[in-house]
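**Q** Sequence:
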Amino acid sequence: MKIALRLILTMFLLTGIQSLQAKDDTYTFHGLHTDKLPLVWDEGIPLGNGIMGTLIWQKGENLRLALDRADLWDLRPVKEFSGPDYSYYFIQEAVRKNDLSEVYKRIDARTSQDIAPTKIPAGAIEFGIRKLGEIESVELDVHKAICTIKWKNGTKGEFFTGATDKMGHFKFTHLPDTLSIFFQRPQFELEKGIKESRNSLSRLGYKNGKVKEKGNSICYHQKLYGKTAYEVVLKWTYTDKQTLEGTYCLTTQGTWYSEPKSTENLMKKYTENFDAALSAHQQWWQDYWSRCRITLPDKILERQWYLEMYKFGAASRKDAPPICLQAVWTADNGQTPPWRGDFHNDLNTQLSYWPGYASNHMEESEVFTDWLWKIKQNSENYTRQFFGVEGLNVPCISTLDGKNIGGWNQYSHQPSTSGWLAHHFYLQWKYSADTRFLKEKAYPWVKEVARYFENISEKGKDGMRKLPLSSSPEINDNRPDAWFTETTNFDLACIRFTLQAAGEMADSLKLTNEAAHWKQQLKEWPDFATDSTGLTIAPHYPLKYTHRHLSHLLAFHPLGLLDISQGKDVKKLLERSVHHFEEQGVQGWVGYTYTWLANMQARLFNGDAASRSLHIFIKAFCSPNSFHLNGDQLRKGYSGFTYRPFTLEGNFAYASAIQEMLLQCHTGVIRVFPALPESWQEASFQNMRAIGGFLVSADYQEGKVKRISIHSEKGGWMKVFNPFTQKIVTCQMKAGETFNLPSTD
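All you need for this note's numbering is the position in the sequence shown, starting with 1, plus 1495.
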């Protein structure tokens, strides 16, 4: 399959850029194409609508549609996370004694010994395809979000997960005979003779649900932990002897996102045929893609951006949970998913939502802050229980309902998680310029985080604050020295950003006293620790070895507390910091390291370096279906990790890096094409979003900026770097007004 994909890319590039002008060629190029069905689940063709997902692959002699739903979780409580010994103080005392054995038993051992809480799969629909013969082609059209499979005998299968109706749809045409259809439930009970592994779904203790077949329909009901359950209903009909159409629906009971009606009742009311449903589905995706488009001379990078933004649209939707590690594509292998498929808030959830803002997908981005608001009370309860103070911190390794799963204690119970999460409330506010969101959600949430930092910190004799215990994801793994008695640059970045944002938000709401309070709090925290290597992990503790996580550079990217616009000294500091990180080698890196690094390289205006990092990510760390597999799949020295656990944050950080190369606005000044590779002579984008609610379009031709157009949604002051005069232009714009460079007056 990899060979087929590479051949298609090579053939496409040989046809030249002119062929891209044709609409159909553009669509074909951006999708997935192969002449064989995937044979493993993590190479499956991904379909999704935010709440339900499907992976299409071949298992044995059957075509398999692996089903998933975003709120399908086992949320049994962790009994060890209660009682007086479950506290930040408990860990402090263990660190003081240099003996974390009891901490490991209570916290770290949870994910190695317990099977839940965990995300779980829903089972699969299978079609017997042996009699159909050889495959001719398999295609995912990302612009229409439909998978088409063609057989050499003339049979064609089409599949999509409805963007508007929460249903899955399939249609086969030119069938030589009737098609056998099955439902395969998850392996909640193992057959005799099969050995149970540590991560087997059978360890959850569920009894298999019953598969009920009646005519051209199948219904499956599965009871889960407590009062939760899920149901799959599948119906199909032959519209003629050679044409089969079908619909399936997956619902849950007992979760925050469950429908009020049963699956069967939803299906009874569903009357649209395949073509009518497809029309509404494609209209949604047409609207989605109209919000932002890019064109790059490097078609490999361009194609990957469209693949990533397709996954973003398929995985994040209003009234559904946000993107977790695998989103709506949970492992289809009889096991719980890698890292329980959880909400990893020390990097993964944050990176997953980076691309939504500049790509002008504010509704899909708001799904993340919607969820953070939904778990606010549980987070406050956790803060009160574990940290012993009022305010808001979020479990770093979280369940669907915002409760702690456990794992390495330094990160599952990281003391500043909510500071990085506060950044997304800030971005949602700044990019939307939505004062109602600021007043009703962003400031109330960020204010509670700031209050937590005020309450948890200790004030020294010098009047400066520090955390009682600090960490820097995921430095030193879970060894005792992963805890620091001096505040790390990671924690400090989260804290300083939160207080700065709280002050800015309070000012915008004319809450003068509160703004003054947060600004005073900010003054009581030290500056970032540095030495000859640049930004360090903690005071007098530089990065000493190759590592996957760039946590010590958080102040640079994404938080923007340090930026090259702040003068030569800061520019040198940041360049030195990134250089030192690279000097340690790549053995400890994973896929997301390259894409996060590319964002930083773009912030340094080094487009060639960013492009190199992104190309390595594509060729070494992605499955043929574009999924990020963490390890170096080529085994060519791009990482010491050669495993293949699938997670999505690396994919979405990729899309963000491309956007950073095309448009930057984090300093308050709009800059177009700030980090293009020197060889690029042309590029363009339409309707990228900048802070302040500005929609920006620009063209780059013959190695120069040719045109900039800035449309204001809300009105207000706009600053843009004018590439024609090399000066910053400041303009007060009205709502609906458009500003052009060069001027069209």
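Rather than coming from a laboratory, the hints here were simulated on the basis of the structure.
The reader is advised that the hints may include incorrect statements.
Unchecked claim - Straight line, CA to CA, 25 Å or less: simulated DMTMM-like cross-link-like pairs of lysine to aspartate or glutamate:
| hint | residue 1 | residue 2 |
| --- | --- | --- |
| 1 | Lys1813 | Asp1636 |
| 2 | Lys1592 | Asp1896 |
| 3 | Lys1813 | Glu1708 |
| 4 | Lys2131 | Glu2177 |
| 5 | Lys1956 | Asp1929 |
| 6 | Lys2039 | Glu1969 |
| 7 | Lys1871 | Glu1943 |
| 8 | Lys2222 | Asp2194 |
| 9 | Lys1707 | Asp1929 |
| 10 | Lys1956 | Asp1972 |
| 11 | Lys1763 | Glu1684 |
| 12 | Lys2014 | Asp1957 |
| 13 | Lys1639 | Asp1660 |
| 14 | Lys1730 | Glu1621 |
| 15 | Lys1718 | Glu1556 |
| 16 | Lys2039 | Glu2078 |
| 17 | Lys1531 | Asp1672 |
| 18 | Lys1869 | Asp1814 |
| 19 | Lys1961 | Glu2009 |
| 20 | Lys1936 | Glu1981 |
**Q** Are the hints correct? Go through all of them and say.
**A** We went through each hint and held it up to the structure:
{"no.": "1", "hint": "Lys1813 - Asp1636", "verdict": "23 Å, holds"}
{"no.": "2", "hint": "Lys1592 - Asp1896", "verdict": "34 Å, violated"}
{"no.": "3", "hint": "Lys1813 - Glu1708", "verdict": "33 Å, violated"}
{"no.": "4", "hint": "Lys2131 - Glu2177", "verdict": "32 Å, violated"}
{"no.": "5", "hint": "Lys1956 - Asp1929", "verdict": "42 Å, violated"}
{"no.": "6", "hint": "Lys2039 - Glu1969", "verdict": "13 Å, holds"}
{"no.": "7", "hint": "Lys1871 - Glu1943", "verdict": "10 Å, holds"}
{"no.": "8", "hint": "Lys2222 - Asp2194", "verdict": "19 Å, holds"}
{"no.": "9", "hint": "Lys1707 - Asp1929", "verdict": "49 Å, violated"}
{"no.": "10", "hint": "Lys1956 - Asp1972", "verdict": "32 Å, violated"}
{"no.": "11", "hint": "Lys1763 - Glu1684", "verdict": "31 Å, violated"}
{"no.": "12", "hint": "Lys2014 - Asp1957", "verdict": "18 Å, holds"}
{"no.": "13", "hint": "Lys1639 - Asp1660", "verdict": "15 Å, holds"}
{"no.": "14", "hint": "Lys1730 - Glu1621", "verdict": "13 Å, holds"}
{"no.": "15", "hint": "Lys1718 - Glu1556", "verdict": "29 Å, violated"}
{"no.": "16", "hint": "Lys2039 - Glu2078", "verdict": "10 Å, holds"}
{"no.": "17", "hint": "Lys1531 - Asp1672", "verdict": "22 Å, holds"}
{"no.": "18", "hint": "Lys1869 - Asp1814", "verdict": "11 Å, holds"}
{"no.": "19", "hint": "Lys1961 - Glu2009", "verdict": "21 Å, holds"}
{"no.": "20", "hint": "Lys1936 - Glu1981", "verdict": "32 Å, violated"}
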